[in-house]
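**Student:** Residue strings, one per chain:
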Amino acid sequence: MTSDETRIAYTLRLADNALVLAQRMVEMVAAEPELEEELANANFALDYIGQARMLYTHAGQLEGKGRSEDDFAFVRDEHEFRNLLLLEQPNGHFGDALVRQFLFETWYLHLLDGLIACSERGLSEIAARAIKEVKYHSRHSSQWLVRLGDGTELSHERVQASLDDAWRYTGEMFAADEIDVAFQREFDGPDLAAIHKLWRRDVEKTVAEATLRLPDDDWMLSGGKQGRHSEHLGFLLAEMQYLQRSFPGATW
Amino acid sequence: MTKQEWPLYEVFIRTKAGLSHRHAGSVHAPDDQMALSNARDTYTRRSEGVSLWVVRSDRIVASDPAETSAFFEPAEDKIYRHPTFYDIPDGVENL
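Sequences listed follow chains A and B, in order.
Take 0 as the starting number for the first sequence in numbering that gives the first Met the number 0 and just add one per residue.
Take 0 as the starting number for the second sequence in numbering that gives the first Met the number 0 and just add one per residue.
FYI, nobody ran anything at the bench for these hints, they're computed from the structure.
Only a predicted model underlies this, so the values are computations on that prediction, with no experimental measurement involved.
A couple of the hints might just be wrong.
[As the list claims (entries may be wrong)] With beta-carbon atoms standing in for the labels, derived distance ranges:
(1) A:193 - B:29: 34 to 40 Å
(2) A:124 - B:5: 47 to 53 Å
(3) A:154 - B:7: 19 to 25 Å
(4) A:225 - B:52: 37 to 43 Å
(5) B:60 - A:215: 50 to 56 Å
(6) A:200 - B:52: 18 to 24 Å
(7) A:26 - B:4: 21 to 27 Å
(8) B:5 - A:1: 52 to 58 Å
(9) A:154 - B:69: 46 to 52 Å
In this text, a Cβ means the ideal position worked out from N, Cα and C, and glycines have one as well.
Bound-form chain A, shown alone (with noise of 0.2 Å):
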């Protein structure tokens, strides 16, 4: 793998991190229990969307063929995309999406962190910009967790039960392969070993201010940064890319 094919490759994850969550946000527009925390969730995906766009022009200006951030985002298969298994999850009550959130974006402040120093420019870039972003966010979910844990009997059970089942989706922010372990050799970027301990001392912290169990580390899936995705992100992309697929090239 060459220089220029692993910081594609590695942008690409980067993006489809920030447009699946997107997607997955958008969904629940209109459907949020209280006015405010509607707005905040829409704002949330039009961050997500914005770093998703940034990201997606760098890779195509990387790749140099003229693909266009449209391209990538709309006419890409499941097994093409690199994101996350966490973050193509079904929403699924409040509490759920509230783990999901809480989860990925205590990691994703750290990596940010470690890509604003990073040596490819781009990214680097981009980097500082989203991370003004998803502090906000990550201070967001986590006073929700807080909350929810440390609420009503019921919010705490239910809360737990969130946290219990996406904790089997976390080992994979850390599981470094080959497209990692290039991109921290050749472009000085974020050591996952590292992140996994600051991440496992926020979580621990906040999990416990919540009055929360914190999961064992039992069986991990993974395969989403490889493109072996969960049976959900087909449906997601399938509606997300419906309009360009049935009309190619479509604008308004």
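Got chain A sorted already, so can you dock chain B onto it with the hints?
**Tutor:** Structure of chain B alone, referenced to chain A:
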């Protein structure tokens, strides 16, 4: 099932350093910190401010509309208290 509403908070925004906070509107929130988040997400999406205050609406002590005349009318005929006899220099925006 009746839904219990979150309490109401009033939101004040300082648009830029040096100006005072102004009332912008209100939000519902389960507690103080979330009220601050909700105010941020509802009222500062378009760079409206650099500082936020929120306060529970039921903690605000308000004057009674029935007492408006007793409260405010005595000042109306004392024009010598109003600084209207000065010329405001050009270029002063926030006086």
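**Student:** Using the Cβ atoms, figure out if residue 200 of chain A sits within 18 to 24 Å of residue 52 of chain B.
**Tutor:** Since residue 200 of chain A and residue 52 of chain B have Cβ atoms about 33 Å apart, the given range 18 to 24 Å is violated.
**Student:** Honestly, do residue 124 of chain A and residue 5 of chain B meet the 47 to 53 Å range at C-beta?
**Tutor:** violated (39 Å)
**Student:** Does the hinted range 21 to 27 Å hold for residue 26 of chain A and residue 4 of chain B at CB?
**Tutor:** holds (26 Å)
**Student:** Please test the hint of 50 to 56 Å on the beta carbon pair from residue 60 of chain B and residue 215 of chain A.
**Tutor:** holds (53 Å)
**Student:** Please test the hint of 19 to 25 Å on the beta carbon pair from residue 154 of chain A and residue 7 of chain B.
**Tutor:** holds (22 Å)
**Student:** At the C-beta level, are residue 5 of chain B and residue 1 of chain A separated by a distance inside 52 to 58 Å?
**Tutor:** holds (55 Å)
**Student:** Could one say that the CB atoms of residue 193 of chain A and residue 29 of chain B fall in the range 34 to 40 Å?
**Tutor:** Holds - the Cβ-Cβ distance for residue 193 of chain A and residue 29 of chain B, about 36 Å, lies within 34 to 40 Å.
**Student:** Per the hint of 46 to 52 Å, is the separation of the Cβ atoms of residue 154 of chain A and residue 69 of chain B within bounds?
**Tutor:** holds (49 Å)
**Student:** Against the range 37 to 43 Å, how does the distance between the Cβ atoms of residue 225 of chain A and residue 52 of chain B compare: consistent or not?
**Tutor:** The hint (37 to 43 Å, Cβ to Cβ) is violated, given that residue 225 of chain A and residue 52 of chain B are roughly 49 Å apart.
In terms of the numbered hints stated before, the structure departs from hints 2, 4, 6, listed from lowest to highest.
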